[in-house]
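Whenever a hint applies, use it, and build me the whole structure from the sequences.
Top to bottom, those sequences are chains A and B.
Each step along the first sequence adds one to the number in our numbering, with nothing skipped, and position 566 is 566.
Each step along the second sequence adds one to the number in our numbering, with nothing skipped, and position 285 is 1285.
Treat the hints with care, since some could be wrong.
Stated by the list, open to error - Chain A stretches covered by chain B per the calculated footprint, using a threshold of three residues with CB under 8 Å from any CB of chain B:
(1) 242–248
(2) 283–292
(3) 549–560
Honestly, the hints are just simulated from the structure, not real lab data.
Yeah, the Cβ is synthetic: ideal placement off N, Cα and C, and Gly gets one too.
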Amino acid sequence: MTTTAIESAPRDKNTTRDHMDVVIVGHVDHGKSTVIGRLMADTGSLPEGKLEQVKAMCAANARPFEYAFLLDALKNEQAQGITIDTARCFFKSKKRNYIIHDAPGHIEFLKNMVTGAARAEAALLVIDAGEGVQENSKRHGYMVSMLGVKQIAVLVNKMDIVGYSQDTFNQIQDEYLTFLDRLGVHPTAIIPVSARNGKNIITYAEEMPWYTGMTVLDQVDAFQKLRDDSAKTFRMPVQDIYKFTAQGDDRRVVSGTISTGVIKVGDEVLFLPSGKESVVKTIEGFNLPQQSEAVAGQATGVTLTAQIYIKAGELMCKKGDPQPLVSRRFRANLFWMGRAPMIKEKQYKLKIGATNVPAELADVISVLDASELSTVESKQQVDRHDVAEIIIEARRPVAYDRRNDLEPTGRFVIVDDYEISGAGVILDEVGDDESVMMEQIREREFTWEIGHISGEKRASRNRNQGKLIVLHGVYGCSKRRVAKRLEQVLFEQGYHTYYFGISNYFEELDHDNRVREMGRELHLQKLGDLARVMADAGIMLITTVADADDFDLDNLRRMNEPNDLFVVNIGENVFTSFPIDVQLQYRPDVEMAVKTIINKLRERQILLD
Amino acid sequence: MDQIDQLESKSIHILREAYREFKSLCMLWSIGKDSTVMLWLARKAFFGHVPIPLVHIDTAFKIPAMIQYRDEMALKWGLNMIYGQNIKALQEKKTFPDGAIDRLSCCKALKSEALKHTLSGEWDRWRLNHTSGQYEVDKNREPYTGVIVGVRADEEGSRSKERYFSPRDKESDWDVDDQPPELWTYYKTDFAPGSHVRIHPLLDWTELNLWEYIEREKIPVVDLYFDRGEGTRYRSLGCMPCTTPVESTATTVSEIVEELRSGKFSNVAERSGRAQDKDDGGGLETLRRGGYM
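Structure below.
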């Protein structure tokens, strides 16, 4: 037998120790790594022999031993003498287990610092008593608070260098607290320490009798666990919808990680932005007893009583709860890490909740110099390491919350050229009236010079109006066969029509992917522009579209104004608000389908005889 | 939710994200406890199914019980099981056990090189045929662009710098100096053609967490981890010539948990029985930059 069946006692919840993620930040060389090295060594958290190994390595290289070397496990990092990444260090106190994210202080590595801080529940911010408050002391203070870390302890380090002077400490304390106060940040503690000499780290320093607060270790233990997100409004970004058919499994599981709140069997739920509704039938799991609820933080999945057509990327909410906002535009605070600046009229990828959509920078309201807290209003781009208040415009509506209402669903990132380049928090929604897209349409119409032939004249000679005819349905529903036959019949009857087949390429792309292709959004945009010209020229442009929603059709109609849209839906009707002109069953008889469509076109007086 | 629940949910979230975003995805299964827990987490994430192929790099020097356990589980759980191997080095006997090269070069040839060419599809891959129970050369030669790996941040220095989604260039190289930012629930899932992304769902777990989870979920693990009467057991599994068992009389998962929590191993590094680490200056860095897991 090569496997072992495990007999174990029922799990005692009390034996699993409490756990917390803490980030340590500060200006380069202010001694972060030494603080962690000390905490690890003095709490007995180092693996046996590690201290000796590093000491031996120092001796072999004729370098004096420093606690910081414990962390600088990578060779090139030791060569440079600075922390280049977020290293995770594990240490334990009597109270709980910690992961300390050692974030680099160098401005070049700010994206690494952000990575560390975004994982943390509390922060230690280190300032060198000799050098005082530096640029990154301020920048990091701002970043940590923007990233949502609420508990901050400031450590004034290297007190040995300034002779443990209370005056020096007070001076730095005043300067830094004044700065943080302007950000609305109130640190939990400010502690004078000498990490190198182990002063006020886990034991009090005789050299600083004037300090009466907690030691670093006591302060870290005093940080509170904040994660009570289950009491908040329910939100779950739908990460995926699984239907694995192996072994006769017929469940269709709407899956994701609950960001806030609790969901129970029987709850009425709503998916946004589509607006589809259903009721939770079961809460699914593997190797688990039957569950009746799932809570914030849990990666779970539900089945629904009514089969509704939804895709990954929607935000699942509870009916009757305060609803998230749904819009294409929002105002946000953004921190930019990309090498190239964020500029207007360039397409980026917005990742928000579980969805990815193309998006543009619509406006720069102000750019903040994070170290000086001065505001620049004239700037029209966001440079590397800038913090800016901006307006983002997504190509399709997204569902989100204001950061101040519900933090986890109010956060997003911007991807530029394969890289996460911006991180942001949403302040509020912005109406669509001023959108870049509407502006483009207005501009197009304004520069559109009309000839001597009116639309009516053209229609009466052609015996048909110009129109965009969209056949919509899932992959394999026969919409292409119907579309091509429709073109043929209309042509033979002497009408002006054209079948436009480019959509097929995107359909096949989409069929393979559970995620919407970015190119598809652009394709729909181009289709709208093309239809506007063709319809104006008096032609009935026939095309097929798969997997559209209300927004897509609305958008096509808007792009195509004043010529409007004629929609034939084949198979399940997935639209909640957009009116469908002809509804056909899945894989209809082609001749019958064409006949039905032509009758409707006559009735609507698109065909004029 | 306790800490283990949190770790489990985070790992599931990462697995689902990988499955959603990567078309050509695989999971490395070394047969050790870490990647076996990861496989279990995949069954959790996908409600009992494992819709991702599992890739094992077989150095041919693995402890035989590992291969037996691999094939038993693959058949039992209906896994899409694939293995790759550096046939040339083995045929030419250019290995450490053959006395031809040192440990590090051997690791590089039998693991890093084999992995690189197996992932890229340049070398043959063998797929388990569930009807015959035998392995056959896989017709699919598509490179894997997403590779799920069970490394943990607490194992050693270079792994503590890893991201959950960590890009590798065309040569499988890891640019540790310039890693992408990763924040909240957003990861690097976009990648340039030719490059691939390593995905690390277990990054935040410790060795103790893993055993606590194995205990709670009753996950079957290979019995080399337990003392079978000789007063020794393996704490970390690798190739036979380079892995030595540790002295321990732990025969059950709860005894291992106890040993790690407060017993004899609570302060001893896990990979202390792995010889190649020592040859690499204690850091594994040379190996990892060149594509080692």
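Practice prompt. Would you pick out the hints that fail for this structure and give their numbers low to high?
Written response: As far as the earlier hints go, only 3 is violated by this structure.
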